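A.B. asks: So you can see what is in the structure, the chains are spelled out below.
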Amino acid sequence: MTHASDLSITPSGDATGMAHVAVPGAIDISHGPILYVEGVSVSFDGFKALNDLSFTLDAGELRCIIGPNGAGKTTMMDVITGKTRADSGRLFLGQTIDLTQLTEYEIARIGIGRKFQKPTVFENHTVAENLELAMKADKGVWATLFNRLSAAQREQVQAMLARIGLRERADILAGLLSHGQKQWLEIGMLLMQDPQILLLDEPVAGMTDEETERTAELLQSLAGRHTVVVVEHDMGFVSSIARTVTVLHEGRVLAEGSMDKVQNDERVIEVYLGR
Amino acid sequence: MGPLTRLWGARGWMLLGGFAAVTLVVIPLLRLLPPDHALYLSDYYVLLIGKIMCYALVALAMDLVWGYAGILSLGHGLFFALGGYAMGMYLMREIGTEGQYQSHLPDYMVFLDWKEFPWYWAGSEYFWLAVLKVVLVPGLLAYVFGWFAFRSRIKGVYFSIITQALTFACMLLFFRNDTGFGGNNGFTDFKRILGFSLAEPTTKTALFMITGLFLIGTLLLCRWLVTSKFGRVLAAIRDAEGRAMFSGYNTRDYKLFVWTLSAVLCGIAGALYVPQVGIINPSEMSPANSIEIAVWVAVGGRGSLVGPLLGAGLVNGAKSWFTVAFPDIWLYFLGALFIGVTLFLPKGVMGLRDSWRRSKS
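If you read the protein sequences in the order shown, they are chains U and A.
The numbers in the first sequence follow numbering that gives the first Met the number 0, run straight up by one, and end at 274.
The numbers in the second sequence follow numbering that gives the first Met the number 0, run straight up by one, and end at 360.
No lab work stands behind these hints, which were simulated from the structure alone.
Any given hint might turn out to be false.
PhoX-like mimics (lysine-lysine), calculated; alpha carbons at most 25 Å apart, straight line [claimed, not checked]:
1. A/228 <-> A/154
2. U/135 <-> A/346
3. U/82 <-> A/346
4. U/135 <-> U/82
5. U/117 <-> A/154
Remember, it's a predicted structure, so these values are computed and weren't measured experimentally.
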């Protein structure tokens, strides 16, 4: 595995109580999980958005996270990606990388990609340029000043355009894409970063049924190579892709398991499904 | 795609070549004619065009931060003035003992009854040190200011207001006699630069040509920057900073880099301006001056480089005519122009050109 080499992460084996031969910057998944969220709390003006939230993600799994409005789904993503700082608790990528010590761009470079709830692409750049900008590369100022796209990189952009079905639209401004196409472009941009973990906030919002179906296929094809976390309201979509579902409620995990198990959980039915 | 065609197409290069020919060949040749010749270009026009080229340089610097990075500075006049003062200190030393009081000190220091130069005037008699200060003083100030502002994620109108306050505060500082830069009179009555008399027409022509060279060089540099991946990252930060950050870009570094570079370019413009115009005083730091810079860029069209060049030329051309013909209404005209452009021409003169091209095709 190669990871952002400009990051020097101090080994934090003590945090997990394990002695580790840590490779700085490399994600150590020798114990299975790739992401540990342990007792994380965040409050805004007294409102507890996350309340002692704990869960783990296994490398390569596809996880759906559901929960009523205000359950803390987006805040959870904000905390993992460094946008919001946790008041307490621990966040580890693998055994050794303490995410609470890193900034947004460092977390992005080390392998966590994030799609926003509202599709966010660079509207005044062409579709191909969007992918080029997201592509894994040295993203420092000097590197971009003298950067020239190599043939292999051009190839990579072309391949991604085909994968997200936007080859015909490569040279138009991203702002002119339809809502669903923007969602795909943003997912394509995440994939160009070659992340270990993809966090997708409502990836099928505003999509037609056909688009939703194709997105489901795309996400399922990613599992195994990437760890994918999907936050979604569309229960049909969730049950079509989910192997494991985590239900959040009031900033903590209410239930976790297969879709069947979760759907039949009394507490889930009470707070979320409202039956 | 070659490195040259990346910058401009054939027409763009021809326009640039034309501009270079006029400023570096035609005008200097016209200056060689006898002064009573009909085509002789008088000192007045050389100064006017030279001044406008300095402003155009500032407009380019402003377009980099505002047009491409979305950072509206209302304090760019400060960096221009600091570059001017750095050059002005050297020019004051070049006067030698030919001042009114025939002292080795500048007249205002004699007037204040100072017996020697303050410590920060040390080395000001060296031209190379002046050149270094022209770059470093605005550059360092911008770097430190930007470091704090961007680290605190100050953006948009808040950033603009702070830059405005910064230039205002510096103006008040430079107005004080005790600051040691000539108070409200600033520096003037320069005699020489590198031993050449500033009153000589050939010196004026040479300064004019150097300014032209710097303007062309800066335009090339800016164009190279904005057509590189760096330029695309800047625009990405302008349009969706969050997405850029979560794509792995340290947006603070990018903003700091372009902000500092822009300030340095303004400093250079100021240093070219002062020997031509022959005076620098704190009014260059007035908030209105900095706002005017933003007007040039808005009139020409943000994010196009060429637009701001045109904007600086048009607005200052209009200004030099207006302030003679109708001195009282110039500021009203400027204000109306800004409002008009904002309301009807969001892309400035360049936007007009684009829509004209579209209607033709």
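A.B. asks: If a hint holds in the structure, say so; if it doesn't, say that too.
C.D. replies: Now the hints, each set against the structure:
1. A/228 <-> A/154: Satisfied, since the Cα-Cα distance of roughly 23 Å is no more than 25 Å.
2. U/135 <-> A/346: 34 Å, violated
3. U/82 <-> A/346: 34 Å, violated
4. U/135 <-> U/82: Answer holds: residue 135 of chain U to residue 82 of chain U is near 21 Å, not above 25 Å.
5. U/117 <-> A/154: 21 Å, holds
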